[in-house]
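Hints in hand, dock the two standalone chains.
Sequence lines, in order, name chains A and B. My numbering puts the first residue of the first sequence at 1, with every later residue one more than the last. My numbering puts the first residue of the second sequence at 1, with every later residue one more than the last.
Please note that the accuracy of each hint is not assured.
Taking lysine-lysine and the BS3-like style, the derived pairs with C-alpha atoms no more than 27 Å apart in a straight line are [said to hold, decoys possible]:
(1) Lys104/B to Lys90/B
(2) Lys155/A to Lys29/B
(3) Lys98/B to Lys29/B
(4) Lys29/B to Lys90/B
(5) Lys98/B to Lys163/A
(6) Lys163/A to Lys29/B
(7) Lys90/B to Lys155/A
No lab work stands behind these hints: they were computed from the structure.
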Amino acid sequence: MLGAILRRVFPHPQLTAFLVMIWLLLVNTITPGNLLLGVILGILIPGVTQPFWPDRPRVRRPLRAIEYILIVLWDICVANVAVARIILFKSNADTQSRWIVVPIELRSPEAITILAGTITMTPGTVTAMLSADAGHLLVHCLDTDDPDAVRDEIKDRYERRLKEIFE
Amino acid sequence: MELIAEIVISLMLVIGGLFGLLGSWGLVKLDDTMRRLHAPTKATTLGVGGVLIASMIYFAVFLDRISLHELLITAFLLITAPITANFVAKAHMHRDVKERDLPKTGGEYGWAGYDEIGDSEQPIDTK
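Bound conformation, chain B alone (with noise of 0.2 Å):
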């Protein structure tokens, strides 16, 4: 049992180590801004995850206590990742991209954040 445990726990650690190293890797790869930002938000999740499954199991097999701090880390990743990229996201395209060199909306306003809509025509409430 315990040498199951200690095998699944080793896999886990190399896998997640292995997604780390992986997402780094995309980011020095990746040519683009856009194209960075895909690496650190997937790869890194998963070699994230795969630490946190391998701490759990360490902790129920060979402490006997069931430890909960891991599934609040993964909510924590997986709530904070995508704005953290969005945020990413927005200052890059502030800063480097107009709107003209982005698809239309295809509706009526354009994207928000590029304000060449006048002020008043611009919704406030954005529900």
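So that you can see chain A by itself, here it is in the shape it has in the complex (with noise of 0.2 Å):
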């Protein structure tokens, strides 16, 4: 009987504390007030929202997501030195631009959609379609001679950590 009440306030308790973690920083003080209201939001906007996330995403090893995070956080930054080189010392004749191909083995659209994401944020790639079947990502890359390589280390150094993170 709690849990069904239970339930039925908290859809999904993930997003109420993600909301409430959110509005928090939104209004940059943490007052009752403001902690208050977060929590209204937080039950409100779930509730709401329900018939769009029929199936919600799992994280099942949220100390790898961190990891993961970090990861990604410090590609961002070694991709934007590597991309300011070419832009900066490399002739567009000289720059091998090339689509890749890359196979996809995740499932869940949130995982895919974070993989998509990353690529485009790292070294020199651009997510730009996946195959109708979800099977398949798109990728150009901006300089490479390569391709294999660049496809090899995107399937290890990415989509193998959110495997493990949502699978």
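The structure is reproduced here in structure tokens:
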């Protein structure tokens, strides 16, 4: 009985906690009033938006997720310097841009979205398309002479970790 | 202490400004829409990131309060930048790139968005 009521009020506890946190960050001060307003929003928004997320992603290893975020942040810094060097020191004719097809084993839409976003933010690659059966990603690579190595790095560095986190 | 903070803040602002400039320069210099996408998605992230770090240090050291808005801005930026890039890429490909110019998917189905396969064969649930 109590469990049913709790599930009614908090259909998605992580989302509620997340919204409260976002609200506190937005107002930038922690007071009881703000906390209360945050909790009210955290109950209202998941309730109203429930039809939009029939399946929710399950994060199985939160610690691995933190490791993943740190790796991606570091890679973003590296990516910036790498792309800056190409822009500054390489002529357009020397830059070898290519399409790369990355087969993906991830199945949850959230995990694929994160992988696609990560590929865009990291060195020299932008995700452009997903195949109709969600089995392959089309990635544009700014400058590479070894497309296979780029593909293997994406699979080993990001996809393997996301698989551990989500599946 | 304040001097060190000032130096770090200025350094961050300069780095941020430089990368912002580089991103814009890349947009002008590169010659193909797909290539051009690389510059603003990446260089600009670090540009804004530098300014945000400078802002956080400034508030913490000189105004004695911790400002967390910057973390939110970073998060929103990291979430929206790839999505924007993806939409620009998609729009460009629909207009100017034929599916036969792209590498094959290697699977049974083609790239999503190019509906050369019939509607009946198109999987509705893409999971």
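Here's how the hints hold up against the structure:
1. Lys104/B to Lys90/B: Holds, at roughly 17 Å.
2. Lys155/A to Lys29/B: Not OK: Lys155/A and Lys29/B at ~31 Å, beyond 27 Å, violated.
3. Lys98/B to Lys29/B: Given that 27 Å is the threshold and the Cα spacing comes to 25 Å, the pair holds.
4. Lys29/B to Lys90/B: holds (22 Å)
5. Lys98/B to Lys163/A: violated (32 Å)
6. Lys163/A to Lys29/B: Not satisfied, since the Cα-Cα distance of roughly 38 Å exceeds 27 Å.
7. Lys90/B to Lys155/A: holds (23 Å)
Hint check: violations occur at hints 2, 5 and 6; the rest are consistent with the structure.
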